[in-house]
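Colleague: The listed protein sequences derive, respectively, from chains A, B, C and D. In terms of this note's numbering, the first sequence opens at residue 1 and continues consecutively. In terms of this note's numbering, the second sequence opens at residue 1001 and continues consecutively. In terms of this note's numbering, the third sequence opens at residue 2001 and continues consecutively. In terms of this note's numbering, the fourth sequence opens at residue 3001 and continues consecutively.
Just so you know, these hints were derived from the structure itself, not from any lab. It is possible that part of the hints are untrue.
Below are the PhoX-like pairs computed for lysine-lysine, each with C-alpha atoms no more than 25 Å apart in a straight line [said to hold, decoys possible]: (1) Lys3095(D) <-> Lys1111(B); (2) Lys2156(C) <-> Lys3095(D); (3) Lys2103(C) <-> Lys3095(D); (4) Lys3103(D) <-> Lys1111(B); (5) Lys1112(B) <-> Lys3015(D); (6) Lys2153(C) <-> Lys3263(D); (7) Lys2015(C) <-> Lys2129(C); (8) Lys3161(D) <-> Lys1050(B); (9) Lys3193(D) <-> Lys2161(C); (10) Lys2156(C) <-> Lys94(A); (11) Lys2201(C) <-> Lys3161(D); (12) Lys3095(D) <-> Lys2161(C); (13) Lys212(A) <-> Lys94(A); (14) Lys3193(D) <-> Lys1094(B); (15) Lys1080(B) <-> Lys3293(D); (16) Lys3201(D) <-> Lys1094(B); (17) Lys1111(B) <-> Lys3011(D); (18) Lys111(A) <-> Lys2293(C); (19) Lys70(A) <-> Lys2156(C); (20) Lys1094(B) <-> Lys2201(C); (21) Lys1024(B) <-> Lys132(A); (22) Lys3103(D) <-> Lys94(A); (23) Lys2095(C) <-> Lys94(A); (24) Lys2193(C) <-> Lys80(A); (25) Lys3002(D) <-> Lys2258(C); (26) Lys3103(D) <-> Lys1070(B); (27) Lys2193(C) <-> Lys3290(D); (28) Lys94(A) <-> Lys2290(C); (29) Lys111(A) <-> Lys2153(C); (30) Lys2290(C) <-> Lys112(A); (31) Lys2156(C) <-> Lys2129(C); (32) Lys80(A) <-> Lys70(A); (33) Lys1181(B) <-> Lys1024(B); (34) Lys2248(C) <-> Lys3015(D); (35) Lys70(A) <-> Lys2290(C); (36) Lys1132(B) <-> Lys2103(C); (37) Lys3095(D) <-> Lys1117(B); (38) Lys1132(B) <-> Lys3201(D); (39) Lys3002(D) <-> Lys2095(C); (40) Lys1094(B) <-> Lys3293(D).
One letter stands for each residue in the lines below.
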Amino acid sequence: MIRAYNVSKVYENGVVALKNVSFKIDKGDFVFVVGPSGAGKTTLIKLIFKEEEPTEGYLVVAGRNLSRLKRRDVPFYRRKIGVVFQDFRLLPQKTVFENVAFAMEVVEASKKEIHRKVPLVLELVGLLDRQKAFPSELSGGEKQRVALARAIVNNPEIIIADEPTGNLDPDTAWDIIDLLKEINLRGTTVVVATHASQIVNTMKQRVIALRKGLVVKDQERGGYRIEN
Amino acid sequence: MIRAYNVSKVYENGVVALKNVSFKIDKGDFVFVVGPSGAGKTTLIKLIFKEEEPTEGYLVVAGRNLSRLKRRDVPFYRRKIGVVFQDFRLLPQKTVFENVAFAMEVVEASKKEIHRKVPLVLELVGLLDRQKAFPSELSGGEKQRVALARAIVNNPEIIIADEPTGNLDPDTAWDIIDLLKEINLRGTTVVVATHASQIVNTMKQRVIALRKGLVVKDQERGGYRIEN
Amino acid sequence: MKIRTFAYFVKEAVKSMFRNGLMTLASIGAVAAALLVLGCFIIITLNINYIVSDIESQVEITAYLNDSLENDQINDIGREIIQIKGVKEVVFVSKAQALEEFKERLKEHKNILIGLEEDNPLPDSYRIKALTPEDVGFVAEKVSSIKGVAEVKYAKEVVDKLFTITRWIRIIALGFMAIFALVAVFIISNTIKITVFARRKEINIMKYIGATDWFIRWPFFIEGMLMGLIGASIAIGILMGGYYYLLKVLYTHIRIIKLLPIKYFYDYAGYMALAGAIIGSLGSTISIRKFLKV
Amino acid sequence: MKIRTFAYFVKEAVKSMFRNGLMTLASIGAVAAALLVLGCFIIITLNINYIVSDIESQVEITAYLNDSLENDQINDIGREIIQIKGVKEVVFVSKAQALEEFKERLKEHKNILIGLEEDNPLPDSYRIKALTPEDVGFVAEKVSSIKGVAEVKYAKEVVDKLFTITRWIRIIALGFMAIFALVAVFIISNTIKITVFARRKEINIMKYIGATDWFIRWPFFIEGMLMGLIGASIAIGILMGGYYYLLKVLYTHIRIIKLLPIKYFYDYAGYMALAGAIIGSLGSTISIRKFLKV
Ligand SMILES: Nc1ncnc2c1ncn2[C@@H]1O[C@H](COP(=O)(O)OP(=O)(O)OP(=O)(O)O)[C@@H](O)[C@H]1O
Ligand SMILES: Nc1ncnc2c1ncn2[C@@H]1O[C@H](COP(=O)(O)OP(=O)(O)OP(=O)(O)O)[C@@H](O)[C@H]1O
Ligand SMILES: [Mg+2]
Ligand SMILES: [Mg+2]
């Protein structure tokens, strides 16, 4: 589903965020991407999402070589991927409901469908009672859950979550991870970049560890620490 | 140092964020504030910081009744408190260095002093090599650490950190907590709102637990869970 | 595009206008202010044109007729003159009338002319008005070639001067109008550009969620159009009201300065509304372009 | 304020201008555009005033003198006239000159006057120009009371008309200028308001870090002032260049329309720069006010 071929990313200011990264994630996989702050996790996700372009190498996602993807095909490609951004990226002028609904409006879902589906996913992330609030009226963890709701509402082929539990208490965090695992069991590929070592250690899923832009570990049923 | 007297906070949209909260934090204390997402932790911090006003009750911080604090005295009051905001609140048009330096410029520190002190704290949080970067060029964890550097640079009487390790890997998170503890040992009052149960459990400090706006636990040498 | 989708875009646009309160007001204000200035100058320019045309139409050619013509012949000459291209008006002035006028002009010295009535040395004449000063030369030539016309006179110098002055006034006025039109477009698009710039992150986010360019563009297009229309309407309202008031004041105080009637500007109001809508919608659409490239 | 702190504020302001590239350009552009429009209209208004004054100064009073005055007496009368308040110019016209001119005016019919040279019925006279049409009536009255003056004539109707027209032209022009000045201030402050609005979070953050209102305000004040100055300079440059060009074109093509010399506007350029700086700095300072309340 996601393949990286010798991908390197150097930002304009000279920071080398990724160095010669290669991996292969298959359809239906559940993968944790771990690594210290600044290791390149978010950069990797941005590349998969085609928010940034690799300096070297290329990625093939859902059968498309991203380097060759035409500009006008990018939106349609992105619709296959649900992303929980580390900085949430909620639309400030839209309510919780509208933020989630927007993802469905983009794919021109019917109004009926939207009014059926959005409350469902808001219920899943535990925010149904806050649906009329604007992002500025939400707590950190609530924003994070809205971002998750938006990412899953269209049943994408791939879900990528960047630190989806950073602002959540352990209980809520586990609910979210369980939700992602459940979605994964229905066939969706899930990639989670996280620092939650307990969760990674307990879940015993595949772990790709980055450090200073290099893949330092790629282990089935791995733990958070590089050494274990 | 910080006293809350029957503080309640109801936001305009009717959300009750805090209900009749009272507590007392003494000079030199190290306190964790925990609680599920949406419990009211950030709201409490905003009240201490006088970003929001309580609907009922009042707070006394550093000997000042915040309800009676004059508008023009607020900046001087705030300078006594170093805050790490959950959403970082870095100035987007300033580099890492300038963001930290700004906190010193505000108190009219000399240029020499600024050029001596800023690199020091950036070193402490491990960001000296990124000092010329703008916030938009930083990873989540890096932003968080800049926010911390800015909070501590003026040696405030009180440090309040809202989820200061949410975007940090466990190792870096521990470095930060150790740093806060060290500052605390030098006499600074430290309040940390966090979801990092491992850290809370290991540190064995005072824990104030909130749930749905109520203080449900206030325990010396407590753990993260309410039950323990 | 489906009607349902279009309705959605309109709804989004209207919602966005309300939620971006200050930005919306700022954009509408910029459109209104810019078009107000432009409108003022259009009104001024058209009125200058109108007054200048009025002055121009005062230019007179005098065709002195041969003595001893029959009345029929005189009438024929009159008819011939009126058919010349560029002639606006022809008036016959008899010998006797000419002498009367002459006396008028001399005022207190008119006793000099006493006794001339019997042996009036002044000829019959036609006074001709041309449509524009440009026509005067041509008309004079044509008239002088008519049989029975003894001599043609006109203030060549005055006509030439007037012609140059009015042409330059027109050029200058149009030049300023062009400048103001450009400035108006600049001010409006400038304002739209910053309001869109302030929302660039929003646009980025929409793209990241998989929205196509057009899906993002349409609400902005409609929003820009509505703001342009509203701004233009405000400008039109102020202009029309102000002009109406000005006309009324001038009418009650002096009737010498004759300005264009207000109904003359109805068409222009329509164009202005159209201009507002076009600049608004295109301004938005062009401004968001670079933020769509993510 | 310490000089060091002030230097810091200036540095912050300049840095902010560069880092907020588009916003800075937008603000400068708005100032330039608004002042350009205002400047155009100031130039137009002042020139209208100038031309109108020129027309007004053409108004003439004729004072016919008694026959049989000595040269000395005539000179005395002239001296007396020139001392009257509101008199701009006095010219003596002798009987002989008057007849000559009369002949001129009659043109082809001047043979009517043959023989009058010997017994010239026309009197000596003084032609007087008043400073403004308002003065004419007063001057005429004063002159008529001078001993030796037989009769005073002036085109009362024309003067009154002219007086009304020129007064209204001035009122209308000043009215438009006032409107444009308001619109210019609105456009500039509108633009500044949105650029500041787009940075409201920044201002909030500064407050949360413990910055006093003045500490935040100063760089904004200076930034606004600089942008106002730069924008005004651009407007002044365009205006002066354009006006210079216009004068040159008019001078080479026609010399009839006499516009104000460019040096007349140097002062106004100074005021405009000042206005830009003031609106810019106050605009910023006022706009940030509400975001300081945190
Ligand atoms: N837009 C950018 N321009 C320049 N450098 C950048 C940019 N974005 C990220 N970087 C740098 O690239 C490196 C990797 O960043 P990235 O965001 O991928 O880290 P991360 O693994 O997600 O870290 P964290 O866990 O803190 O979120 C960091 O050093 C960061 O400073
Ligand atoms: N500005 C606001 N307007 C209205 N409601 C708000 C506002 N800020 C927060 N709330 C609501 O108040 C409640 C408490 O929010 P708060 O941010 O204090 O939670 P928190 O304990 O910090 O949560 P988290 O751990 O997720 O950050 C939440 O339900 C939130 O939606
Ligand atoms: Mg990251
Ligand atoms: Mg919080």
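Colleague: Would the hint linking lysine 3002(D) and lysine 2095(C) be met if the CA-CA limit is 25 Å?
Modeller: The hint is violated at about 92 Å.
Colleague: Does lysine 2103(C) pair with lysine 3095(D) here, judged by a C-alpha cut-off of 25 Å?
Modeller: Roughly 20 Å separates the two Cα atoms, so the pair holds.
Colleague: Checking one constraint from the list: CA of lysine 70(A) to CA of lysine 2156(C), max 25 Å. Satisfied?
Modeller: violated (72 Å)
Colleague: Would the pair lysine 3002(D) and lysine 2258(C) pass a check requiring their Cα atoms to be no farther apart than 25 Å?
Modeller: violated (62 Å)
Colleague: Keeping to a limit of 25 Å between CA atoms, is the pair of lysine 1111(B) and lysine 3011(D) held or broken?
Modeller: With Cα atoms ~13 Å apart, lysine 1111(B) and lysine 3011(D) stay inside 25 Å; holds.
Colleague: Given the hinted pair lysine 3095(D) and lysine 1117(B), is their alpha-carbon gap at most 25 Å?
Modeller: Judged against 25 Å, a Cα distance of about 99 Å means the pair is violated.
Colleague: Can you confirm whether the C-alpha distance between lysine 111(A) and lysine 2293(C) stays at or below 25 Å?
Modeller: violated (29 Å)
Colleague: Within a Cα-Cα threshold of 25 Å, do lysine 2193(C) and lysine 80(A) meet the stated pairing?
Modeller: violated (32 Å)
Colleague: Starting from lysine 70(A), check that the Cα of lysine 2290(C) is at most 25 Å away, please.
Modeller: holds (17 Å)
Colleague: Tell me if the straight-line CA distance from lysine 3103(D) to lysine 1111(B) falls inside 25 Å.
Modeller: Violated, at about 90 Å.
Colleague: Are the Cα atoms of lysine 2248(C) and lysine 3015(D) separated by 25 Å or less?
Modeller: At roughly 53 Å apart (the allowed maximum being 25 Å), lysine 3015(D) and lysine 2248(C) break the hint.
Colleague: Does the structure keep lysine 1181(B) and lysine 1024(B) at a Cα separation of 25 Å or less?
Modeller: holds (19 Å)
Hints 1, 2, 4, 6, 7, 8, 9, 10, 11, 12, 13, 18, 19, 21, 22, 23, 24, 25, 26, 29, 30, 34, 36, 37 and 39, counting from the list given before, are not met by this structure.
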